[in-house]
Amino acid sequence: MRHKALLHTILRKTPWALLSLLIQLSVVWAAYYLYTNDYGYNSGRSFSYFISFSYFVLGAAGLLGIGCSLVGMSYSILTERWYKVLFKLLFYVPSLFLSVVWCYLWLVLRAWI
Amino acid sequence: MKKKNEGTTSSSIFRKVLAIAIPILFFSASLWLIAWIADGLMLRNAKEMPKSKRAVLAIRDSVPSYEQFGTEIFTEPYLSAYYDESYYFTQKGRNDQKELILESLKRLTTNYDCVDIFILAHTNPYLYWFESLPQKLRQKIRLVYNTGCRNANQGKRWLKLGAQAYIGHKGKTSLSPFFYVYFLRRWVSGHRLDLAVKESNKIARDEINLFKDKLPDPGKMDYTEQTHAHLFGSPTLQIDEL
Numbered sequence: 042m043r044h045k046a047l048l049h050t051i052l053r054k055t056p057w058a059l060l061s062l063l064i065q066l067s068v069v070w071a072a073y074y075l076y077t078n079d080y081g082y083n084s085g086r087s088f089s090y091f092i093s094f095s096y097f098v099l100g101a102a103g104l105l106g107i108g109c110s111l112v113g114m115s116y117s118i119l120t121e122r123w124y125k126v127l128f129k130l131l132f133y134v135p136s137l138f139l140s141v142v143w144c145y146l147w148l149v150l151r152a153w154i
Numbered sequence: 059m060k061k062k063n064e065g066t067t068s069s070s071i072f073r074k075v076l077a078i079a080i081p082i083l084f085f086s087a088s089l090w091l092i093a094w095i096a097d098g099l100m101l102r103n104a105k106e107m108p109k110s111k112r113a114v115l116a117i118r119d120s121v122p123s124y125e126q127f128g129t130e131i132f133t134e135p136y137l138s139a140y141y142d143e144s145y146y147f148t149q150k151g152r153n154d155q156k157e158l159i160l161e162s163l164k165r166l167t168t169n170y171d172c173v174d175i176f177i178l179a180h181t182n183p184y185l186y187w188f189e190s191l192p193q194k195l196r197q198k199i200r201l202v203y204n205t206g207c208r209n210a211n212q213g214k215r216w217l218k219l220g221a222q223a224y225i226g227h228k229g230k231t232s233l234s235p236f237f238y239v240y241f242l243r244r245w246v247s248g249h250r251l252d253l254a255v256k257e258s259n260k261i262a263r264d265e266i267n268l269f270k271d272k273l274p275d276p277g278k279m280d281y282t283e284q285t286h287a288h289l290f291g292s293p294t295l296q297i298d299e300l
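First to last, the sequence lines map onto chains A and B. Start counting at 1 in the first sequence, then tack on 41, and there's your number in our numbering. Start counting at 1 in the second sequence, then tack on 58, and there's your number in our numbering.
Do not take every clue at face value.
[Stated by the list, open to error] Distance condition first, Cα-Cα at most 25 Å in a straight line; then the derived SDA-like pairs of lysine to any residue:
1) B:228 x B:278
2) B:74 x A:122
3) A:125 x B:250
[To be verified] Just some of the chain A residues that point at chain B, by a computed CB distance under 7 Å:
4) 47
5) 48
6) 114
7) 115
8) 123
Read the hints as simulated data drawn from the structure, not as lab findings. The C-beta atom is built at its ideal place from N, Cα and C for all residues, glycine as well.
Make the full structure from the sequences, and use the hints.
Below, the structure written as structure tokens:
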């Protein structure tokens, strides 16, 4: 029973929509980081660093993003008023889509590495 | 009071169903959309009808793995979609899989009416490999495209070998991929060979001009001229034509 209460507290107190959004922003930040530090093809810097960094960021952002969006969406539908649910879907749906994109790219890198 | 409870219960079940169905629906839609963008959209012109008994063989030479990876993910889907049978080889050394490549070309030329060859490699001697093929089979080689620098000089020899058309680059520092990506799309879409080459040359030239100043020694190198693709043999070939 205590576990169930704890789970409810976690579900209620975690800002899922904000988290989903921040995860997408972390990918933008990672791309900007790679760009400003001149990592990448033909840069003369370590290509393996570029790949391993991208692999980590895409994998983490993809999996966490999908998790947060799905859990947040479900919990919102279960507990919140409809207008709030609809408003939050505006964040969850694009986040979910982008997270699937990151996961797809992550799988491409995974198959390659 | 009882009625109110019933209403709350049914509403709660409705919410539970939606809480499962809506995320699954959006997740499935995202997966479908990405699969469609990644594969379906790119190959939307591939015809489902029989592809007039044509096959293709492509060879990628030994270069860093990320280059090989990029070449394969771009090329292979087009070849699989637009030819009856396609063989794609990625080499790990200069003569890697030589016997297998020759055997594959022999098999394709035996089984199909025409075979196209895409040589996605730096300056290369594959021409001499294929000389060992019987002449009757060599006649079935239709189009040969070679990205190799200075490999335009193989044009006449490829035609003599049996190919109907050959495309190569004359430059010592040819930026062939700029031409190739546009050419492959146009060729498989059914453009006439000379028009596909002309259009792809134009786009490649425009793109190289965009950033040529950032390349080494832009004044002397004339990258656009070096990358220009030259067509030998039949200019009117089309992918559907035998």
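Structure-based check of all given hints:
no., hint, verdict
1, B:228 x B:278, "holds (16 Å)"
2, B:74 x A:122, "holds (14 Å)"
3, A:125 x B:250, "violated (57 Å)"
4, 47, "violated (20 Å)"
5, 48, "violated (15 Å)"
6, 114, "holds (5 Å)"
7, 115, "holds (4 Å)"
8, 123, "violated (10 Å)"
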